[in-house]
Amino acid sequence: MFGSAFQWHYPTPKTGDHIKVVVDLVRPISEPDDVTLDGSDPLTQPNININSFANDLDIIAMREGLRFSYDLLLKGEGFNDLVVDEYPWDMPLHSVEELKRAVLDRCQRAFHPCGTARLSRASNKELLIRT
Numbered sequence: 026m027f028g029s030a031f032q033w034h035y036p037t038p039k040t041g042d043h044i045k046v047v048v049d050l051v052r053p054i055s056e057p058d059d060v061t062l063d064g065s066d067p068l069t070q071p072n073i074n075i076n077s078f079a080n081d082l083d084i085i086a087m088r089e090g091l092r093f094s095y096d097l098l099l100k101g102e103g104f105n106d107l108v109v110d111e112y113p114w115d116m117p118l119h120s121v122e123e124l125k126r127a128v129l130d131r132c133q134r135a136f137h138p139c140g141t142a143r144l145s146r147a148s149n150k151e152l153l154i155r156t
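FYI, our numbering numbers position 96 of the sequence shown as 121, with every residue one higher than the one before it.
Hints may be right or wrong, so weigh each one.
[Claimed, not checked] Distance windows between CB atoms, simulated:
id	residue 1	residue 2	range
1	82	131	39 to 45 Å
2	69	101	47 to 53 Å
3	98	51	15 to 21 Å
4	97	61	20 to 26 Å
5	66	40	27 to 33 Å
6	68	108	46 to 52 Å
Bear in mind the hints are in silico, worked out from the structure with no lab data behind them. Built from N, CA and C at the ideal position, the CB exists for glycine as well.
Please model the complete structure; the sequences and the hints are all you need to start from.
Structure follows, in structure tokens:
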């Protein structure tokens, strides 16, 4: 399975069986995004600052998430005999600075629309998601 929905800019490998693992930073602590307009012309592109990784703790969280995932996939029982190579290139897990650069260069923003969904019959009020 090599889904193109995430990291669509990496081509699907031409041969073999594949799996894609995505490390996701669910609760970043960097300040929120900023979108401003340059004027009233709707055809003028807005200024967008997605502000990802403005706080070093977010970079550290991604770095450690990547290391954990690699550790699980390369050493974990049930995976270690399945994983034979990395694609499209190796992650520099040996170096804090190189891994920081990889996080900044390779990570992208995921826009995931979501909402509230009932998890069981309406009669069971304790299994409803509340906002």
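Would you say the C-beta atoms of residue 97 and residue 61 sit inside 20 to 26 Å of each other?
The hinted range 20 to 26 Å is violated for residue 97 and residue 61, with Cβ atoms some 41 Å apart.
The hint says 46 to 52 Å between residue 68 and residue 108; measuring C-beta to C-beta, is that right?
holds (48 Å)
Within 47 to 53 Å: is that where the Cβ-Cβ distance between residue 69 and residue 101 falls?
Hint holds: Cβ distance 50 Å, inside 47 to 53 Å.
So does residue 82 sit 39 to 45 Å from residue 131, Cβ to Cβ?
Roughly 19 Å apart at Cβ, these two residues miss the hinted range, so it is violated.
With 27 to 33 Å as the target window, see if residue 66 and residue 40 comply at their CB atoms.
violated (49 Å)
Mind checking the hinted window 15 to 21 Å against the Cβ distance between residue 98 and residue 51?
Because 20 Å falls inside the window, the suggested range holds.
Hint compliance for this structure: hints 1, 4 and 5 are not met, and every other hint is.
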